[in-house]
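Chains as they are written, first to last, in the working numbering: chain A, 101 to 213; chain B, 14 to 130.
Be careful, since some hints might not be right.
Facing chain B, from chain A, some residues (calculated, C-beta under 10 Å) [claimed, not checked]:
{"id": "1", "residue": "Q106"}
{"id": "2", "residue": "P108"}
{"id": "3", "residue": "Y149"}
{"id": "4", "residue": "F203"}
{"id": "5", "residue": "G204"}
{"id": "6", "residue": "G205"}
Below are the EDC-like pairs computed for lysine to aspartate or glutamate, each with C-alpha atoms no more than 20 Å apart in a straight line [what the hints assert, rightly or not]:
{"id": "7", "chain 1": "A", "residue 1": "K170", "chain 2": "A", "residue 2": "D107"}
{"id": "8", "chain 1": "A", "residue 1": "K170", "chain 2": "A", "residue 2": "E103"}
{"id": "9", "chain 1": "B", "residue 1": "K79", "chain 2": "B", "residue 2": "E100"}
{"id": "10", "chain 1": "B", "residue 1": "K54", "chain 2": "A", "residue 2": "E145"}
{"id": "11", "chain 1": "A", "residue 1": "K142", "chain 2": "A", "residue 2": "D183"}
{"id": "12", "chain 1": "A", "residue 1": "K156", "chain 2": "A", "residue 2": "E145"}
{"id": "13", "chain 1": "B", "residue 1": "K54", "chain 2": "A", "residue 2": "D183"}
{"id": "14", "chain 1": "B", "residue 1": "K54", "chain 2": "A", "residue 2": "E105"}
{"id": "15", "chain 1": "B", "residue 1": "K77", "chain 2": "B", "residue 2": "D101"}
{"id": "16", "chain 1": "A", "residue 1": "K102", "chain 2": "A", "residue 2": "D166"}
{"id": "17", "chain 1": "B", "residue 1": "K54", "chain 2": "A", "residue 2": "E103"}
{"id": "18", "chain 1": "A", "residue 1": "K142", "chain 2": "B", "residue 2": "D101"}
{"id": "19", "chain 1": "A", "residue 1": "K142", "chain 2": "B", "residue 2": "E35"}
{"id": "20", "chain 1": "A", "residue 1": "K156", "chain 2": "A", "residue 2": "D178"}
{"id": "21", "chain 1": "B", "residue 1": "K79", "chain 2": "B", "residue 2": "D101"}
{"id": "22", "chain 1": "A", "residue 1": "K167", "chain 2": "A", "residue 2": "E103"}
{"id": "23", "chain 1": "A", "residue 1": "K156", "chain 2": "A", "residue 2": "D183"}
{"id": "24", "chain 1": "B", "residue 1": "K54", "chain 2": "A", "residue 2": "D107"}
{"id": "25", "chain 1": "A", "residue 1": "K212", "chain 2": "A", "residue 2": "D178"}
{"id": "26", "chain 1": "A", "residue 1": "K102", "chain 2": "B", "residue 2": "E72"}
{"id": "27", "chain 1": "B", "residue 1": "K77", "chain 2": "B", "residue 2": "E35"}
{"id": "28", "chain 1": "B", "residue 1": "K77", "chain 2": "B", "residue 2": "E100"}
{"id": "29", "chain 1": "B", "residue 1": "K77", "chain 2": "B", "residue 2": "E65"}
{"id": "30", "chain 1": "B", "residue 1": "K33", "chain 2": "B", "residue 2": "E65"}
Calculated directly from the structure, the hints in this document are not laboratory data. By construction, the Cβ of each residue, glycine as well, lies at the ideal position given by its N, Cα and C atoms.
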Amino acid sequence: QKEVEQDPGPLSVPEGAIVSLNCTYSNSAFQYFMWYRQYSRKGPELLMYTYSSGNKEDGRFTAQVDKSSKYISLFIRDSQPSDSATYLCALSLIKAAGNKLTFGGGTRVLVKP
Amino acid sequence: GAVVSQHPSWVICKSGTSVKIECRSLDFQATTMFWYRQFPKQSLMLMATSNEGSKATYEQGVEKDKFLINHASLTLSTLTVTSAHPEDSSFYICSAARLAGGYNEQFFGPGTRLTVL
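Bound conformation, chain B alone:
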């Protein structure tokens, strides 16, 4: 099967600091990775689409200078929350996409819970 990992699984930081979250596809190459945010009891909200070697495409309303995305290789994408504030506390989930069996299949990571104090 296709496995996507995220690191760290949870992080607590002080307001004003930056936090980096890694997303790795462990057994396949993903040209496209996606970053989502999920608040309690709500669905996934797409933040940005990340393509290897190019700039990420951000969804409307997502601050690109606050949520820095780097997709340096076919197996690694990173999300950096810069100058984090309590309202950035959330569950961040990445997915890695591959074309399998003729359809767009996204494999999700286990998520990273960010708490900003």
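Next up, chain A with everything else stripped away, as it sits in the complex:
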């Protein structure tokens, strides 16, 4: 069993719809949860970071963490064609700068005009 599971997709939605992404994890020691967006042939860029259980909102993006269920989610409201990319969840055990991230496999999202 992988440490972090993420549906590979592709997830196809019409423009303006809500995109719902999620990851499940097995190690309850993970404390920090991040979502990255990666366009084709580019490096990932950080979208959201959360620490505790609950919701965090930033513009059209909402991240949710449920530590009791070991489940994290990312919602994208009013999706745009420019949101078409691969979305990766990443988890970290501690906050030290040298601590490595454990990535999910990524979900490909396609927003159709």
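Please arrange chain B on chain A, whose structure you already have, making use of the hints.
Frame of chain A; chain B shown alone:
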């Protein structure tokens, strides 16, 4: 913002040659840099963790003699693929880490696409 660059962005080489990839943090000092490898439609696979002034820590299954990592300064890490073969063809991405706002944030470079003929 924090910017990480990689050079070259793509490289084609003959089998048996060595290729060096540079990773630079342009506007911050990174004590730790990471090297990843990514195959098409797959997630990032961590190859090694590189700390300035010390030997890199390699993940299990990664050949340290084949993938040489040097982290000579707080803004530069290099990955050298020695005696490259076609199976080494991949997308190599580095990241530079800093502690920001109380959490471990990694800033990723744009990646280097390596094709070995």
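So which of those numbered hints doesn't the model satisfy?
-> none
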